[in-house]
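Residue numbers (the working numbering), protein chains in the order written: chain F, 196 to 591; chain R, 713 to 1029; chain B, -16 to 316.
Just so you know, these hints were derived from the structure itself, not from any lab. Since the structure is predicted, the reported quantities are computational estimates derived from the model, not experimental observations. Even glycine gets a Cβ: it sits at the ideal position worked out from N, Cα and C. A portion of the hints provided could be inaccurate.
Result set (EDC-like, lysine to aspartate or glutamate): computed pairs, CA atoms no more than 20 angstroms apart in a straight line [to be verified]:
no. : chain 1 : residue 1 : chain 2 : residue 2
1   : F       : Lys335    : R       : Glu926
2   : F       : Lys299    : R       : Glu926
3   : R       : Lys1021   : F       : Glu231
4   : R       : Lys925    : F       : Asp385
5   : R       : Lys1021   : F       : Glu257
6   : R       : Lys1021   : F       : Asp351
7   : F       : Lys299    : R       : Asp844
8   : F       : Lys304    : R       : Glu938
Every beta carbon over 10 angstroms from chain R, so not counted as near; a handful from chain B, in silico [said to hold, decoys possible]:
no. : residue
9   : Leu(-3)
10  : Ile97
11  : Asp130
12  : Ala143
13  : Leu297
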Amino acid sequence: MTDTAPLLRVRDLSTKFFTEDGTINAADNISFDVNEGEILSIVGESGSGKSVTGRSLLGLIEAPGEIVGGEIWYRSPSLAKKVDDEIVDGEYVDLQSVPPSVRKSLLGKDFSMIFQDPEESFNQSLTVGRQIAEAVEVKKRAETGEVYSNIDLLKDILTPGAQYISEESYDRAVELLELVDIPDYTERADEYPHQFSGGMLQRAMIAQAIACDPAFLVADEPTTGLDVTIQAGVINLLKNLQNELDLTVLLITHNLGVVSRLGDRTAVMYAGEFFEVGPTNSVLNNPENPYTKGLLNSLPDFTESNTNIEPIPGNVPSLLDSEMGVGCSFADRCPAATDECTGSPPPTRTVNGDSEHRITCVHAGDTGTEVSLSTETTAREELRQDTTSKNIATNE
Amino acid sequence: MADLTQFALRRIGQSVVVIWGIITLVFLLRFLTPQDPAALVAPDDASSALVDQIRQDLGLTDPIVIQYFRYLADVAQGDLGFSYGSGVHVNDLILGALPATLELAFAALVFALVISIPLGVLSANRRGTNTDAATNIISLGGLSTPNFWLGIMLILLVPVQLGVLPTGGRVGPTQDLVAWMAHMILPTIALGTYFMALLFRMTRNNVIEELNKEYVRAARAKGLPENIITVRYVLQNSMAPVITVAGLQLGLLIGGSVVVEAVFNWPGIGSLFIQALNTADWPIMQGILIVVGIGYVVINIVVDILNAKLNPQVSLS
Amino acid sequence: MIKKRTVQSLKNELRSNPTAIIGVAIFTLLLFGAIFAPILAPHDPTTQYTDRTHQAPLGFGGESEQTQLVDGEMQTVVEDNSGTLNHALGTDANGRDILSRSLYGLRTSLLVAITAMTISLIVGTTFGLVSGYYGGRIDDSIMRFVDVILAFPSLLMALALFGILGPMTVFVPDPFAALGIVEDRPAVTPFPGTVTLAISAVIWVWIARVARAEARQVRNQEYVTAGKTMGMSNFAIIKNHVLPNSLTPILVLGTVQLATIIIIESSLSFLGFSGTTLSLGFDIAFGRDYLSNSWWISSIPGLFIVAAVISINLLGDWFRDALDPDIQGGGGR
């Protein structure tokens, strides 16, 4: 149990994609907290909505996608002073209600992101050093108050070496490359992304992400594109950096191995919903949700040679609005499903009396302990009613 | 940048074969014509013996192979020959006419780029809106209008109906700056419109594609300002095909200006070519073809080098 | 040879895309007008109605001063030459009906375009596929040759060829006149042979390039290797595997080039190098001297060209949107 207030409190977040084929519910009424200084892993298969969740938090959802509902409370006393009182709740600001320019201004300063495929996420036509230096420069200008203008653009085009970026930013970029253990970091800074190997480029991406010393970092499948042998190095790097810099990280992955090494808490996501949340040890060792169990069973167990791998039967369901039912979205593949499961949304309960470990399921969890998935037990209505309250209900 | 120099040298090396091919093809063209150059040069009442003599003097009785190597050697030294009909050195004629054409081609290029690229980016950003639809319709019109007819319509509208701007001809910049510009406006628009429409379409398509890519999203996540993202991220990566096509088209502008020059009485190599065609003056035509052909090859090399500088991952990796 | 899937994609796109429908509609209309020109044209395009020169199109008024022989004297008479239904698009300086001339001119343009396109497609596809499939020396030589031709602007090259070959007009008997369906129309259609050949000579290279890129892609595919293992001859492989799979970008390029061909043809006839005077470009040139009073003589033939080219461009867009090939990369997928 944490005794500091969470950095982020997500309430009833819903993100939809309005496509030609129909409306897709990528994230369906999700609520959770991210505690300061922790690594929260969101685990799920492809298409579960985990990446969308991460991007929704940062405000990076583009058409045809849209965040259609919910609140994202971000704890920032400094920001709270700058915005209207209606969207402030103590030290928290609802990012969904702030003006777009304010939301955008958090990117590259308070918030940062590591993307899945480093080759796709770097600009192939600019040197790696310059791109990292740009990230440093963004933060620097935010602090000094220097504004970006078209003069900068002109300087960038007309003079070699992107003169709009200061020397110090470049130096810092080289330091960052050293920090992420890239050999020959000084020479490497002047090279282009295609000259880096996959693992090194991912480290460079990490360097770029921490360049602004962010409060909150979203890591979207940071190891997925890499060779297994390289993955370990990147995982260690992330762990060390997170420790040293005291970062708050949202780790998105489908790799349970990575989760077990990195995650403090883990959330299991399926078809746009959270099924189980709790300390990583609890969730991975004592899973209660049938889906989580199924997920763990479908992994080969390297210690026992006689056990069969049991895949989960069926396919991931369609996320189309028109095709989703009211009840549990896993019901059609769940071995424990009953009629009760499809009739209405399944409740959320604690597990084994541990209030940290929560689960959404009709059949599992401690009965009679219906709670919300966030570490806040107080209903959302209280927050709404009492907007001037400085006393957010504590974790329970 | 040693990579870039190597690349440049390699491209130049590859082009030598093409240049040789150009000269050879041009040389062969003359042999396909039924006209007899000696007969053209000779006075009207010359006896056939005199014509034969002239033919020999001109070196036209030598075996083709010999004539070919002589021609190759001449061209390699920059000598494009002597015009039978006008009695003037081809080089002089071409050098006299080339600046006018280059001036017009360059103006058309600038006109096209200045309008098409910003409009293309704008249209891509406003994809699906009315702005986008409007610019698309206009570009379709520009793409479908023959430049000579456009020129005539412009003459109809502006000098004839509105009474401003001249209907044709050229005035040098040193003589009268204002008149020089006034004379250039209509031909530039006529010549550059197709170019502009083509580049607009390409820019728009490429930018739309780039905008969807992850690195653009990553740049936004970094907090970079939109203007830097638009130019150094989106545009720089969209421009490679656009620059290539711009280069190709520029080469075509230099010859394709033939018709526009005719409409506006512009004294460029296009007009010179037509005059030569009407008098069967093959040395001039050949000279122009060689200049234009080699010019095109050179432009292509420049374009490739430019692309290599902008997008090193494509050419140099 | 054209895959069902291709036809289906085209149909789907046509259904959902209004501009494609417009393109098809306009093009069909113009094609119809061109083919049936002898029937649709209200007059013989070569007949000069000397009493009705400089007549404006329907709906436009106008007067002109004309010098005529009146009672044995040359006098300047002010004539009312407002538009009439008889000459719906007006008459030119010699009194020829512009609508009729434009229809016949359109006929020339489309005839040349289709013929030149066919020749270019055949020659270009053949050389391109061979070059791309075999690779090596053959590829190098053909491609260098292509590079050489590409170095010259099409117009200059076409003009040079015209200088060598002369007009080479082929007098094609008009089926409508021959069958007696129409009277008082030209019995033969002058077909500009050199123009067609010259245009083919510069256009085939574009087709060849694209065909080559496609062939290079396809030759690495497994079904080609499978064919070779089964002992298929190279020719059979090219015909049965390479060609059908390369068709899409060639098709799209073909429509783009069709538009270019029409513009080149009209440019050549504008400059006076054609072989027939029944051409839109020629009419535009002819009207140049009369821009200040009889603006329609130059404008209207041009509008026909613009309409034709717009419709072809829309067709090209239709093909491209439906089949989505990567034209710029020449087939990169």
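Right, here's what the structure says about each hint:
no., hint, in the structure
1, F/Lys335 <-> R/Glu926, "25 angstroms, violated"
2, F/Lys299 <-> R/Glu926, "17 angstroms, holds"
3, R/Lys1021 <-> F/Glu231, "45 angstroms, violated"
4, R/Lys925 <-> F/Asp385, "23 angstroms, violated"
5, R/Lys1021 <-> F/Glu257, "32 angstroms, violated"
6, R/Lys1021 <-> F/Asp351, "15 angstroms, holds"
7, F/Lys299 <-> R/Asp844, "26 angstroms, violated"
8, F/Lys304 <-> R/Glu938, "16 angstroms, holds"
9, Leu(-3), "18 angstroms, holds"
10, Ile97, "18 angstroms, holds"
11, Asp130, "5 angstroms, violated"
12, Ala143, "6 angstroms, violated"
13, Leu297, "7 angstroms, violated"
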